[in-house]
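*Asks:* Sequence:
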Amino acid sequence: MFDWRDAAYCATEHVEAYTTDNLPEPTARHECTMRARIVEKLCGPCPVWRECGMEALQYDTRGVIRAGIAFPDVKVGSARRRLMVRLGLSGDPLQEKAAVPRTHCDRDHELVGDNVIVRKDGARLCRACSLARGAERRAKARAQRESRLALLREAA
Numbered sequence: 001m002f003d004w005r006d007a008a009y010c011a012t013e014h015v016e017a018y019t020t021d022n023l024p025e026p027t028a029r030h031e032c033t034m035r036a037r038i039v040e041k042l043c044g045p046c047p048v049w050r051e052c053g054m055e056a057l058q059y060d061t062r063g064v065i066r067a068g069i070a071f072p073d074v075k076v077g078s079a080r081r082r083l084m085v086r087l088g089l090s091g092d093p094l095q096e097k098a099a100v101p102r103t104h105c106d107r108d109h110e111l112v113g114d115n116v117i118v119r120k121d122g123a124r125l126c127r128a129c130s131l132a133r134g135a136e137r138r139a140k141a142r143a144q145r146e147s148r149l150a151l152l153r154e155a156a
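So for the sequence shown, the UniProt record's numbering puts the first residue at 1; every next one is plus one.
Fair warning: there could be bad hints in the mix.
Ranges between beta-carbon positions, derived for each pair [said to hold, decoys possible]:
{"hint": "1", "residue 1": "M34", "residue 2": "R107", "range": "42 to 52 Å"}
{"hint": "2", "residue 1": "D108", "residue 2": "E154", "range": "37 to 47 Å"}
{"hint": "3", "residue 1": "K75", "residue 2": "A156", "range": "12 to 22 Å"}
{"hint": "4", "residue 1": "E25", "residue 2": "G134", "range": "33 to 43 Å"}
{"hint": "5", "residue 1": "H109", "residue 2": "W4", "range": "32 to 42 Å"}
{"hint": "6", "residue 1": "L87", "residue 2": "T12", "range": "20 to 30 Å"}
Read the hints as simulated data drawn from the structure, not as lab findings. Backbone N, C-alpha and C fix where the C-beta goes; we use that ideal spot for every residue, glycine too.
Full structure from sequences and hints, please.
*Replies:* Below, the structure written as structure tokens:
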């Protein structure tokens, strides 16, 4: 079966060559333009840039160069929008996927009523798990304090 990655221009290159760490920091407007030109040259002749771009949109791509677009480590929204324009797409697969609210936490507690904490960014957290994590942290801190006190008593 044919995998598009085998035909990618970067398939023969070392993966580190396509990280954003190798690009100049975009502190000024001309540096942003220079950065974009470097990225375009890296991916320009690639015959499968469209497939690469579609995969980059399917996942939370960060810190790499995909389909001629540099995805920074943080704030990837503008990079995603540029790629979508380049691909001629509308909508955002990650945002559409995230629009469905979670009904249960990772420990399978139901996220309803008093068991839900809603953060400022809209994330829904499980109150039971949050309380359990707090109790675990306090118990760990208490054990560390007691072990330090025991060491001090032995030293005295």
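*Asks:* Do the Cβ positions of E25 and G134 conform to the proposed distance bound of 33 to 43 Å?
*Replies:* Holds, since E25 and G134 (Cβ atoms, about 39 Å apart) stay within the stated range.
*Asks:* Assuming the hint says 12 to 22 Å, is it satisfied by the Cβ distance from K75 to A156 or not?
*Replies:* With a Cβ separation near 53 Å, K75 and A156 fall outside 12 to 22 Å, so the hint is violated.
*Asks:* Go ahead and decide if the range 37 to 47 Å is satisfied by the Cβ distance of D108 to E154.
*Replies:* Between D108 and E154, where Cβ atoms are some 44 Å apart, the hint holds.
*Asks:* Determine whether the Cβ-Cβ distance between M34 and R107 falls within the hinted range of 42 to 52 Å.
*Replies:* holds, 48 Å
*Asks:* CB of H109 to CB of W4, is that within 32 to 42 Å?
*Replies:* holds, 41 Å
*Asks:* So does L87 sit 20 to 30 Å from T12, Cβ to Cβ?
*Replies:* holds, 24 Å
Consistency note: the structure conflicts with earlier hint 3 alone.
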